[in-house]
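Engineer: Spelled out, the chains give:
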Amino acid sequence: MELYYKTISELEELLDSGEISAVELAKAFIDRKNAVDGKVGAFLSSDEGGLLAAAAESDARRARGQKRGALEGIPVGLKDVLAVRGQKLTCASKILENYVSPYTASSLEKLESRGGLFWGRLNMDEFAMGSSCENSAFKLTRNPWDLSRIPGGSSGGAAAAVAAGECAASLGSDTGGSIRQPASLCGVVGMKPTYGLVSRYGLAAFASSLDQIGPFARCVRDAAILLEAVAGHDPRDSTSVKTDIPDYAANLSLEAFKGKKIGLPKEYFSAGIDPEVRGIVEKAVSDCRALGAEVEEISLPHTDLAIPVYYIIATAEASSNLARYDGVRYTRRSPSTTDVIDMYFKSRAEGFGEEVKRRIILGSYVLSSGYYDAYYLRAQKVRTLIRRDFEDAFGRVDVIMTPTSPTTAFKIGEKTSDPLAMYLSDICTINVNLAGLPGISVPCGFSSEGLPVGLQMIGKAFDEQNLLSFAASYEAARGFDSREPNL
Amino acid sequence: MEKAKIDIEYVAKLARIELTEDEKATYSRQLGQILGYFERLSKIDVSGVEPSAHARAVYNVMRDDVEEPAMPVSEALMNAPKARDNQISVPKVVDDA
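Protein chains in written order, with the working numbering: chain A, 1 to 487; chain B, 1001 to 1097.
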């Protein structure tokens, strides 16, 4: 197997034994990126010189016996929503097209403290708003499994880059499914941790009560290694939680299902879910049952309110967070302005794309005088009901399983003219953000058209260890899948 | 929640975004559809339910009031569209008296 399709654990063995060097590994990813990214379009920029220099330092550390950690020498891609000192940070938006970050996100500092190497900024929907990566102001990213289809979104580049072997792993952000949905559509593992587990310092804010950073990886164990690296309290993010971070990878159990209960929420297996996707996910659940679990049908009765609640809360928070992009301090300023107010209106009109404007306007509306109670406050109350649904369910079951996405990857352009149809593609993932719970998407098969399908597992708050063990147990039982995208 | 009809000019003004006539028409129509879909929320009984601003509320996180190094002015200004004398420069805000 090519180096660029190996797992982090496999690569670390090769690096430790001296069979390959970090510089050779970096070159393998650079060559792969140069060979396939013209088709896939996952990268907004790559730092080949920086990667090679960092890899040489990594080799030197290893030679001195001073390995930093489990990611020593591993090139990692970052969704272009995370700050990297001296690199551009555009959020795939024209309004930030020239912005260079003066500081580095905590999550990258932590990856680097374990030996991880920054390798490039990955495409996304503008300001993480979208489910297909088609809202990037700069380029289209294509699904490596079928180049006529979308990779999912908003972290489409981060998912596609791992699926295409252009980086060993990547970090994305997930506000309503933006890690899990593209992971599912691209056939890789993607995880959204519990709200508060990973510091958001250096993450450009979309909806602050929902945003969370998490990993994309080739297997569950790799995701565990990345999560362990980035998790933990950070005084620079006051919502980050003080909690002990176990060595998730070392503690993985492959017998996690013995005597445990899986909840299947009936609302997630009903109309609106593609029958083939449902069949593949149901087969995966029965494989988990065969590992010693009991399966129980449960109900999360407020599920169908997820879309309105999410799109009210997320757009309200976004309208406030994105008020900072005003042409004054660090965004592109419209060249043709008469006064300062005109400068705000024109800079924002010229800088933001269609979907971002739509969401800022929707958010401004639901917060405006006369509508606040009917929309925003009511949505926050229903959010409480959605949270309670999960609390009740977790009184009876240990893990909840659903499809990650109601369909496989759709065609480029298929949903761009119908925002509501696009919003409905998040239907399986957004309640997990509203409840603040951890969720992981694990590949569980392919459709008849050869498109990947993901199984979503939802865990209890701060119970990432068990969630990862459930995911790893299923993955091991399913066995190694040798299928690779044909690029 | 009544049948929502969005006053697009007013809301765009709140959002500080200049819209073209085409955008006004498109957004009015699309937001009307989206708000129509949101109406299912009005049927839920939320009496006595506390709102959730966060999934997990954290209150009053304090740090010691100790001076810490901050970003140098040159770096804080390096992305400013226009700056002079260590300050960001914008079009005139107040007319001369």
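Keep in mind that the hints were calculated from the coordinates and are not lab data.
Be aware that a few hints might be false.
[To be verified] Taking lysine-lysine and the DSS-like style, the derived pairs with C-alpha atoms no more than 27 Å apart in a straight line are:
id: 1; chain 1: A; residue 1: Lys346; chain 2: B; residue 2: Lys1013
id: 2; chain 1: A; residue 1: Lys139; chain 2: A; residue 2: Lys415
id: 3; chain 1: A; residue 1: Lys139; chain 2: A; residue 2: Lys460
id: 4; chain 1: B; residue 1: Lys1043; chain 2: A; residue 2: Lys242
id: 5; chain 1: A; residue 1: Lys260; chain 2: A; residue 2: Lys88
id: 6; chain 1: A; residue 1: Lys381; chain 2: B; residue 2: Lys1082
id: 7; chain 1: A; residue 1: Lys94; chain 2: B; residue 2: Lys1092
id: 8; chain 1: A; residue 1: Lys266; chain 2: B; residue 2: Lys1043
id: 9; chain 1: B; residue 1: Lys1092; chain 2: A; residue 2: Lys139
id: 10; chain 1: A; residue 1: Lys411; chain 2: A; residue 2: Lys283
id: 11; chain 1: B; residue 1: Lys1043; chain 2: A; residue 2: Lys346
id: 12; chain 1: A; residue 1: Lys139; chain 2: A; residue 2: Lys88
id: 13; chain 1: B; residue 1: Lys1043; chain 2: A; residue 2: Lys94
id: 14; chain 1: A; residue 1: Lys346; chain 2: A; residue 2: Lys94
id: 15; chain 1: A; residue 1: Lys67; chain 2: A; residue 2: Lys27
Engineer: Hey, Lys139(A) versus Lys415(A), does the alpha-carbon distance stay inside 27 Å?
Structural biologist: Cα-Cα ~17 Å, so holds.
Engineer: Is Lys381(A) close enough to Lys1082(B), meaning Cα to Cα at most 27 Å?
Structural biologist: violated (44 Å)
Engineer: For the pair supplied as a hint, Lys1043(B) and Lys346(A), confirm whether the alpha-carbon distance does not exceed 27 Å.
Structural biologist: Roughly 39 Å between the alpha carbons, so the hint for Lys1043(B) and Lys346(A) is violated.
Engineer: Are Lys411(A) and Lys283(A) close enough, with their CA atoms no more than 27 Å apart?
Structural biologist: Cα-Cα ~26 Å, so holds.
Engineer: Lys266(A) and Lys1043(B): Cα distance at most 27 Å?
Structural biologist: OK: Lys266(A) and Lys1043(B) at ~21 Å, within 27 Å.
Engineer: Would you mind confirming whether the straight-line C-alpha gap from Lys139(A) to Lys460(A) stays at or under 27 Å?
Structural biologist: violated (37 Å)
Engineer: For the pair supplied as a hint, Lys260(A) and Lys88(A), confirm whether the alpha-carbon distance does not exceed 27 Å.
Structural biologist: violated (46 Å)
Engineer: Compare the distance between the alpha carbons of Lys346(A) and Lys1013(B) with 27 Å, and conclude whether the hinted pair is satisfied.
Structural biologist: Holds - the C-alpha atoms of Lys1013(B) and Lys346(A) are around 12 Å apart, at most 27 Å.
Engineer: Next pair to validate is Lys1092(B) with Lys139(A); report whether the Cα-Cα distance is within 27 Å.
Structural biologist: violated (37 Å)
Engineer: Under the criterion that the straight-line Cα-Cα distance not exceed 27 Å, is the pair Lys1043(B), Lys94(A) satisfied?
Structural biologist: Violated - the C-alpha atoms of Lys94(A) and Lys1043(B) are around 40 Å apart, more than 27 Å.
Engineer: CA of Lys346(A) to CA of Lys94(A), is that 27 Å or under?
Structural biologist: Measuring from Cα to Cα gives roughly 13 Å; hence the hint holds.
Engineer: What's the verdict on Lys94(A) and Lys1092(B), does the C-alpha distance respect the 27 Å limit or exceed it?
Structural biologist: holds (25 Å)
Hint check: violations occur at hints 3, 4, 5, 6, 9, 11, 13; the rest are consistent with the structure.
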